[in-house]
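Residue numbers (this note's numbering), protein chains in the order written: chain Z, 21 to 239; chain S, -13 to 529.
Keep in mind that the hints were calculated from the coordinates and are not lab data. Here a beta-carbon is modelled for each residue, glycine too, at the ideal position from N, C-alpha and C. It is possible that part of the hints are untrue.
Said to hold, decoys possible - If you want the footprint, here are the derived chain S segments under chain Z, 3+ residues with CB under 8 Å: (1) 42 to 48; (2) 136 to 146; (3) 157 to 170; (4) 225 to 237; (5) 368 to 374; (6) 377 to 387.
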Amino acid sequence: MLDNYITEYNDAIYDTDRDQALNVVHKALTQGVTPEEVVFGIVLPAMDKMLESIGADLDTNLAQQFMTAQIADTIVTEMISKFKKIPEIAGTVILGTAYGDMHSLGKRIVTGCLKARFIDVIDIGVNVTPKRFVDEAVAKNANVIGISAMMLHTARGEQGCIGVRQILKERRLEDKIKLIVGGAPYRFDNNLYKTVQADAYAADAVNAGKLIAELMEKP
Amino acid sequence: MGTLRFSLRNGSYNIPYKPGQSINDIIFNTGLRLHSFCGNAGACGRCIIKIIDGIANPPSCNEWNKVGRDGVNNGLRLACQTIPTGNITIEIIGNPIECTWRSLEKSNIVNKKIHLAPHIKDSEPASRPGAVPSWNRINYGVAIDLGSTHIRASLWNLNSGKNIARCIGLNPQRIYGADILTRLMQASANTERLNDISLLAKSAIGHAICYLTEQECIDSSDISRVFIVGNTAMLTLLLAQHHDKLLQPEFWTKPIKCTLTDTVLWQRTWGLTEYTQIELIPPLAGFIGSDLISGIIATDMLKHPAPNMLIDFGTNSEIAIWDGKALMVTSAAGGPAFEGEGIHNGMPSEPGAIYRVQAGNNRLAFDVIDDSTAQGICGSGLIDIIAIFKKQGIINANGRLSGEFSQNGYTLSNNPEILINNYDIDAIQHAKAAIGAAIICVASQARINFNELQHIFVCGAFGKYLNIQNAIYIGMLPNVPINRVSLHSDAALAGCDNLLFMADPILAANAIINKSHIINLSMSAHFGDIFFENLYLQTMSFK
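The task is simple: from the sequences and hints, build the whole structure.
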């Protein structure tokens, strides 16, 4: 039964038709689907399906990925207010753009996708120093630090991911806080994340959501 | 320890090497250079070699992607990713880069004769550079547009005001990276690389001057002025100074000093005299260089009815709005899609490029530059196809090809195969979104509605070929009446030509700089939302 909704919902996403996507959700609600089922039975599986198609190289473009995140964000916010029981936060992630880098759009898509998984996202902005990444993670009890970098020199630089890894080592936080990276440079060179000593990288923002959720689940 | 062996046209090479170096590194030490548009990241796939004999590390993920399974089975590798162990013999598949020049059409403009310093006798040293050294000698001026991809040069008779010759050639710095950021990174790596990058540009300019003067049998000692314009990255790399500032956000709205100090050395390097005035026209701020100032001069936008707009399309695009009193200027990086880079069958607007596409009866009609066989498609051709397909419903507003074309793309021609696929359209959408958002943000800051714009001057990648209606239709240009838009090819060079005929070119440049207000888009709260909205293929809207 929910499968039909998933298909209709995803068709709307692929057409980046936000109004239609919202219609599908409201229709489901009027036909007895619970808010919890909307989130866990429609929105999240739809996102996973999109990931599958990205993986199968049928790819989705940036507009579609942004729309996925934006709509997911809107719907989940609306649905949570109707949940019988507020779900537990699965974890907290600090997101930021590397030092010297001002690109902020990728993080917005990541944020939207994470919200749908009940992960608390704190976006600390652009041009962030390694020290600030770690300080904020400690202050907010975050399990994951996500660093976005769109240019090779900010991805590779001493004040980028490498700098954060250094501080995590010094403060003995490596077991508590995982480090993931994302952005164009990591797509071109699939091994770059190792060079900069990250734990993992995401090839695109929608995948980042899933990756971070998986990292949260690990003990 | 081992030896790397390969043969080129001019002979065989046996290079002993230390373990741990990539083949690209080993070759670098010989003074030869292999193509690398991506700074040896394994991303551009241009440094292909074949292992004939010998062992190296296993191929990386990138290599499998770039040369394919068949390629790997046949011994194909990327030189920048291959680390040999022991003796190894290779064949170089990609050719080492050559810097060749070709002539361009001369300019028809006749400039006003320039009066330089008073004539002096041969025996007296010049009181200052630019002084005409002798009796009725003809004086020549050279204008240089130092672009990231191409260097353009033009030679003028300063007495008659006529253009003698023009030429264009590839910027040999490309071997260090196709884009500016990669080159700046490479230059910051070590002094040796910085000096090499600087020297490549310097000698290329020298070659251009030789090409122009030799063609016309002109003595280079008759050149009184050499003026250079370019974006800030190019100017700083030429000087090998202050280039590192460009990688720091604090400098993106500040002017960066690009002054020549060792003039005598440069005069000697280029075969000029001690009387030759060499000027690097100062950049505006951050990445926005004197090529934009030059474009503003060439189009004469400050004298046109205000408000008006200039757009310089490229990998880095610049936008300037003149409101009658001040210039609001910004730059936005959208990627190199407009110049055909990163597009499956994309190429720059050169002979062999499909530059115009029109919808006929059940078929598409192409026009190819220089009427030669179509080799690929350039920016303006892509814009046309996207517009036509959107009208016909083959592409939707999202930019996705429909049905049968969604998987393999749409084939425009066979022999050679030229197709357009979803990735290509996505690349154009990215570039379009960046420039669309930049245009909207600047217009908003200048408090100007699109319908108030008296004129739009289009320069850069679309300065020569562009279907304005199609561009407006998909949201690349603001929605204004078509007769208010004009195309200006080689605007940066044309502006530099004008500067050659001014008594004080630096004053002229500074006059523009002083009227300019730089807008840093990364500081704009709304840029993100406007960017996403402008991804879609629809006319630009201004809220």
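Going through the hints against the structure:
Given as covered by chain Z, the stretch 42 to 48 of chain S passes the check, having 3 residues with a CB less than 8 Å from a CB of that chain where 3 are the minimum. With a threshold of 8 Å between beta carbons, the proposed coverage of the stretch 136 to 146 of chain S by chain Z is violated, since 0 of its residues qualify and at least three are required. Restraint check on the stretch 157 to 170 of chain S versus chain Z: 3 residues with Cβ-Cβ distances below 8 Å, three needed, restraint holds. By the rule of at least three residues with a Cβ nearer than 8 Å to a Cβ of chain Z, the coverage given for the stretch 225 to 237 of chain S holds, with 3 such residues.
Three residues within the 8 Å Cβ limit are the bar, and the stretch 368 to 374 of chain S against chain Z gives 0, so the coverage statement is violated. Beta-carbon proximity to chain Z at under 8 Å applies to 5 residues in the stretch 377 to 387 of chain S; the threshold of 3 is reached and the given coverage holds.
When each numbered hint is compared with the structure, violations occur for hints 2, 5.
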